[in-house]
Amino acid sequence: MSSETTTGATGSARPDVERLHVAGLHAASDAVLSVRDLNVRFNSENGVVHAVRGVDFDLMPGKTLGIVGESGSGKSVTSLAIMGLLPPTAEVTGSVRLKGRELLGLSDKAMCEFRGNDLAMVFQDPLSSLTPVFTVGTQIMEALTIHHPAMSRTAKEARAVELLAMVGIPSPKDRLKAFPHEFSGGMRQRVMIAIAIANNPRVLIADEPTTALDVTIQAQVLEVLHTAQEETGAAVVMITHDLGVVAGMADDIMVMYAGKPVETGAVDDIYYNPRMPYTMGLLGAVPRVDAAEKSSLVPIEGMPPNLIHTPTGCSFAPRCPLASDACLDGEPPLAPVAGGALHRAACIKSESLGGTVDVHDVFTAPPVPLSRFDAIPRAERSTVLQLKDVRKHFPLTRGALIKRRIGTVKAVDGLSFDIREGECFSIVGESGSGKTTTLLEIMEFHPDQDGEVVIGGLSNKQAADAKTKGRMRRELQMVFQDPTGALDPRFTVYEVLAEPLQNAGMDRAAIRKRIMELMRLVGLQPDHVNRFPNQFSGGQRQRIGIARALAVNPKLVVLDEPVSALDVSVQAGVINLLDHLRAELGLSYLLVAHDLSVVRHISNRVAVMYLGKIVEIGAVDRVFDNPRHPYTRALLSAIPVPDPQLERTRERIILQGDLPSPLQAPKGCNFATRCPVFAALPPGKQEKCLTLEPPLEPAASATDQQFACFFPDGEMDEDMLVVHEPADHVAP
Amino acid sequence: MTYLNAVDPAAVAQDAHLESVDVVIGKNTIIFRRFLRNKTAVAGLAIFLALTVFSFIGGFFTEWDKETIDPFNIGMPPSADHYLGTSQAGIDLYAMTVEGTRISILIGLVVGLVSVLVAAVYGCTMAYFGGKVDKGMLFILEALIMMPALLVVAVATSGGGAGLKRDLPSWLLLIIVLLVFSWMGTARLIRSMSMSLMQRDFVKAAQYMGVPPRRIVWRHLVPNIGSLLILDITRGVTAAILAEVAFSFIGIGIKVPDVSLGVLIGQATSQVQTFPWMFWVPLTVMFLLTGSLAMMNDGLRDAFDPSSSSTGKAKKAKARKIHAEKKTA
Chain A
1 MSSETTTGAT GSARPDVERL HVAGLHAASD AVLSVRDLNV RFNSENGVVH AVRGVDFDLM
61 PGKTLGIVGE SGSGKSVTSL AIMGLLPPTA EVTGSVRLKG RELLGLSDKA MCEFRGNDLA
121 MVFQDPLSSL TPVFTVGTQI MEALTIHHPA MSRTAKEARA VELLAMVGIP SPKDRLKAFP
181 HEFSGGMRQR VMIAIAIANN PRVLIADEPT TALDVTIQAQ VLEVLHTAQE ETGAAVVMIT
241 HDLGVVAGMA DDIMVMYAGK PVETGAVDDI YYNPRMPYTM GLLGAVPRVD AAEKSSLVPI
301 EGMPPNLIHT PTGCSFAPRC PLASDACLDG EPPLAPVAGG ALHRAACIKS ESLGGTVDVH
361 DVFTAPPVPL SRFDAIPRAE RSTVLQLKDV RKHFPLTRGA LIKRRIGTVK AVDGLSFDIR
421 EGECFSIVGE SGSGKTTTLL EIMEFHPDQD GEVVIGGLSN KQAADAKTKG RMRRELQMVF
481 QDPTGALDPR FTVYEVLAEP LQNAGMDRAA IRKRIMELMR LVGLQPDHVN RFPNQFSGGQ
541 RQRIGIARAL AVNPKLVVLD EPVSALDVSV QAGVINLLDH LRAELGLSYL LVAHDLSVVR
601 HISNRVAVMY LGKIVEIGAV DRVFDNPRHP YTRALLSAIP VPDPQLERTR ERIILQGDLP
661 SPLQAPKGCN FATRCPVFAA LPPGKQEKCL TLEPPLEPAA SATDQQFACF FPDGEMDEDM
721 LVVHEPADHV AP
Chain B
733 MTYLNAVDPA AVAQDAHLES VDVVIGKNTI IFRRFLRNKT AVAGLAIFLA LTVFSFIGGF
793 FTEWDKETID PFNIGMPPSA DHYLGTSQAG IDLYAMTVEG TRISILIGLV VGLVSVLVAA
853 VYGCTMAYFG GKVDKGMLFI LEALIMMPAL LVVAVATSGG GAGLKRDLPS WLLLIIVLLV
913 FSWMGTARLI RSMSMSLMQR DFVKAAQYMG VPPRRIVWRH LVPNIGSLLI LDITRGVTAA
973 ILAEVAFSFI GIGIKVPDVS LGVLIGQATS QVQTFPWMFW VPLTVMFLLT GSLAMMNDGL
1033 RDAFDPSSSS TGKAKKAKAR KIHAEKKTA
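Line by line, the protein sequences give chains A and B.
So the first sequence is numbered by the working numbering: it starts at 1 and just counts up by one.
So the second sequence is numbered by the working numbering: it starts at 733 and just counts up by one.
Read the hints as simulated data drawn from the structure, not as lab findings.
Just so it is clear, CB atoms sit at the ideal spot from N, CA and C, and this is done for glycine as well.
Be careful, since some hints might not be right.
Said to hold, decoys possible - Below, a list of computed lysine to any residue pairs in the SDA-like style, where the Cα atoms sit at most 25 angstroms apart: (1) 936(B) x 466(A); (2) 392(A) x 466(A); (3) 936(B) x 394(A); (4) 513(A) x 586(A); (5) 555(A) x 936(B); (6) 936(B) x 212(A); (7) 513(A) x 502(A); (8) 109(A) x 134(A); (9) 936(B) x 395(A); (10) 864(B) x 465(A); (11) 469(A) x 948(B); (12) 936(B) x 495(A); (13) 173(A) x 162(A); (14) 936(B) x 444(A).
Claimed, not checked - If we take Cβ atoms under 7 angstroms as the criterion, some of the chain A residues that face chain B in the derived model are: (15) 443; (16) 447; (17) 473; (18) 478; (19) 480; (20) 486; (21) 487; (22) 488; (23) 490; (24) 500; (25) 503; (26) 505.
Same shape as in the complex, but just chain A (with noise of 0.2 angstroms):
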């Protein structure tokens, strides 16, 4: 129907009209985008489901709106529902005016002529937002040719290799004619980037641009699209779960949950003085790279909520621990709060939750679990996992008939380091650096392999027979990145839980008991065991993951990025349960992740990895308050922090392109390349650098922290260091 996509159309709604008109319909004349009331329905098997209820926004030009939720809280919805991306099925109601232009309602053709033009999108995935098959220029000059017939063709050459340049992408001119599959992740990123300010958009929306890059490019594609935005004067609506990335660029914060915004304002009021529980859990489930103090994280327990039923207290009442009755009684509107001119929040209790309430007081932590080996000083602790000098080396060939060598890949070079009991032990660099490599050299415990691994005091070396392995496997278990992938879909949890068991030559009986047991330590409800995987949240399926991991009683647990795939909310009840459960059993863990604050919070000891090599390595507060090595110092100056004032003040290292391919690894040191101690390095030195591998030397004051740099005190490049006007950002 199409009265129902411009707003007061019919006298049905008119509760809708009164709506708009308290809101302000026609409100802020001066508002690029205005979206009021926007609603959308999809149906679903089992009802509909109404994915977005009510929003309302203004963006000013060149301002930012962060828009933060967890997922299914309808951010992405939103955006694709202003760019008339949605599939003809979903149900679209409300008003998205574009300098005053009505969007809702226009047909496919008609919006096309505003995508791309004023309005533009930098998607998620770099990887598969291209084209393969055309060259990236094709695919720039392809967003210039739509909206500008009659640009010449040297005229938009000459246009696509200025965006390119703008977005930091060297040697522009050449790049033009490369594909998509050479170009790293990032450099994609950019490319997407420079497509979607072709044409000089009034507004930008970006669907978390930067969740599936590396943190330090990450810094870098933030960095880019800042510009992108100061060039253009673009508005930009930025879509992220992860709070700590929108404190430094956004001006404006919407929180959503459940499909509807439960608190809106400028950014200080949201970060420091958030008046919605939702905001508060949110901000105290992300851990802090910067905070080296040991407390719990704050989990949001429970699911977000089914959005087939219409809420009819708060929606956020089950799992908020303030609510009471009267949060039942009613949705509770945006309403205005004292302190922000803005600042508006949806809780009727907001007013009780001014700025001196702690979130740990609002939300229960559980205590910091303490382990009986945290009091044993660590050398007098036994080694559960020792590796010697590993390499893994890969040939790379060319030629179809014969192979010629013409290079090695040394994913993993030379590394050692051990782990001692209830320890958890951190690797942690950039994708491309050997994490994973080295995760699966010390998991195939083979005896050809070069270098030794030792785990509980047996060394592949020896395990030639098919026993030796298979005692190693009770000692050393793992839980994959992807808890979904991880777990057959065709098992029950029951099935999943006894394989491990089975294996093991346990009894029925005796089974049965210990999955029910499993089932009560990762905090599961023991008669879930029937349910297959596909019923549970991704947080439950990856406490499943765990729970098989720790079936045959494992010393130690490996980790491949056990969080990354969950939200904020969830992740912090999972590293929360982690942590319980080191005390707990004593376990030791081996924890790969690229996210430094999960691994601030959870690890005693870390390794910065670069190139298959450890650069840095030793006790955690000690690398991460004191980092010596250039390349550790980049990646922590690239976390994103929660925490909007000192986001806009930090000096921010941004390293120059992505790692090298291994074809050009350097001679001497590896980072050369990309050190920005190097590039301020007068020429005499360098050469120091670029001849000489440097070793692994502990730091001179005699603690647990080693480092390889030559020039550990060097100044750093001008070039590569960035640091906010603080005036740039203040929101009005």
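Chain A is already provided as a structure; the job is to place chain B on it using the hints.
Chain B alone, transformed into the frame defined by chain A:
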């Protein structure tokens, strides 16, 4: 501070319902229920079962058999004596149809089941071990695909296989030949599907738990391509029945005195005008047979697919009700 869990009574009720039911429902029950929900599939199954039963006990309802000639009724249309009439030679068509249906179903089931089983094990083994094993097995597979099946069938059942023919009934010979040439396509498909499954974390998880390869193939790979296997069995049965009909039709499949639907149809084609019942009866039975299998196919896939959208009936009805309420409001 009150911690409230009960907000939405509908959601709570649904949850409670889920919990009470879920504990008792087994996996097989769920699959069975989903299958039963598809009416076409159930009808297909019923027809197929009825035909199978008919082919085994149908012979008891008449005193004639496929070899006895009735000299008083030669080429007669259906009558009380001969339910479906008689052939040109005076043999009862009903008896022949019963016998022919049995042979066709036998050939179809054996070839369909065994070839898919061979394909599954062969394909999964190739994918699991990879490398040299994969290469060698793939070579055998490709070589078999290259071989002209029609010629081999013709040679085996006619001239060349004289020794074989003496020892084996013609239907068993046909089964063997069909088996040899029917599993390769499926095996190659299964190989590629299992290869992508091998990349999945749950296979890695099982490997890291120390589960032996044989078990991983059998417990993780085969069930996860289960819906494909089921579809391929029903498709394979259909294909085998049709192949038998086709080979017999051109005279290189089942040989007289053995009867099959193909033989009956083949014999009758020249006399559709004079003895129409001789042609239409076996043809109808063949259509019923292959048609019922096709009807089952769809229902089976839905039942086995864990991500299938086939949801409970109650839920659908409820959703419709809610929707209706909304519209009226």
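The hints, checked one at a time:
1. 936(B) x 466(A): It holds: about 17 angstroms lies between the C-alpha atoms, which stays within 25 angstroms.
2. 392(A) x 466(A): 23 angstroms, holds
3. 936(B) x 394(A): 21 angstroms, holds
4. 513(A) x 586(A): 21 angstroms, holds
5. 555(A) x 936(B): OK: residue 555(A) and residue 936(B) at ~20 angstroms, within 25 angstroms.
6. 936(B) x 212(A): This hinted pair holds, its Cα atoms lying about 23 angstroms apart.
7. 513(A) x 502(A): Answer holds: residue 513(A) to residue 502(A) is near 13 angstroms, not above 25 angstroms.
8. 109(A) x 134(A): 24 angstroms, holds
9. 936(B) x 395(A): 24 angstroms, holds
10. 864(B) x 465(A): Status holds; Cα separation ~23 angstroms.
11. 469(A) x 948(B): 17 angstroms, holds
12. 936(B) x 495(A): 16 angstroms, holds
13. 173(A) x 162(A): With a Cα-Cα distance of about 9 angstroms, the restraint between residue 173(A) and residue 162(A) holds, given a limit of 25 angstroms.
14. 936(B) x 444(A): 11 angstroms, holds
15. 443: Given a least distance of 5 angstroms, the restraint on residue 443(A) holds.
16. 447: 16 angstroms, violated
17. 473: Nearest chain B Cβ about 4 angstroms off; hint holds.
18. 478: At 5 angstroms from the nearest chain B Cβ, residue 478(A) passes the 7 angstroms test, so the hint holds.
19. 480: Holds, because the Cβ-Cβ distance from residue 480(A) to chain B comes to roughly 4 angstroms (cut-off 7 angstroms).
20. 486: Result: holds, 4 angstroms to nearest chain B Cβ.
21. 487: 6 angstroms, holds
22. 488: 4 angstroms, holds
23. 490: Hint on residue 490(A): holds, closest Cβ of chain B at ~5 angstroms, below 7 angstroms.
24. 500: 5 angstroms, holds
25. 503: This interface hint holds because 5 angstroms falls under the 7 angstroms limit.
26. 505: 11 angstroms, violated
Violated hints, in rising order: 16, 26; the structure is consistent with all others.
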